[in-house]
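Novice: Sequence:
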Amino acid sequence: MSMEAILQNLQKLTKFHQDLLKVSEQKTDAVKDGDTDQLQSLLIQERKYTQVLERTEEKRTELVQNWFKQKGIAPEEPTITNMLKALTDDEDKQLLEKQTVELTEAIVKLKQQEELNMALIQQSMQFVQMSLDLMNPTLNTMNYGNKKEQPNRNRGVFDSKA
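Be aware that the sequence shown starts at 1, since it is given in UniProt numbering, and climbs by one per residue.
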């Protein structure tokens, strides 16, 4: 029963990560289109998914710890990797491995998409900053008139004309 609960939990985690990936892809489109309203609503959606993911991850940790207690095994860390090492049933091992690989792939894709979003947002911010810099006058042009700068003369202690 415990293994089945862990597998179901991993399936949920995979689905939530895939759903979050879809939101991330929509964020990419919103950034490209410059649609800040859609971007804000997507950020709210993303925050909700993140909260659900955190709760599901806590549940996964609890399930794995309980599995180790149930089996009477005391690993250094109760992780899926250590669980795979401790499993003796080949069928359970294959199912757990398959689900773990799917989850890892979903996480990697999500990370790549978020890195793309970060790069796009950073590029957009650089463009905005450059546009603002072009619109703002420099300090030299803010003075009245076209006065030529007076060369700064360094006077010595003695007047050399004497």
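Since the hints were derived computationally from the structure, they do not count as laboratory data.
You may find that some hints are simply not true.
Label pairs and their in silico Cβ distance ranges [what the hints assert, rightly or not]:
1) Ala5 - Leu132: 21 to 31 Å
2) Leu132 - Thr81: 48 to 58 Å
3) Gln18 - Gln38: 16 to 26 Å
4) Leu132 - Asp35: 50 to 60 Å
By construction, the Cβ of each residue, glycine as well, lies at the ideal position given by its N, Cα and C atoms.
Novice: If you test the structure against every hint from before, which numbers come out violated?
Specialist: 1 and 4
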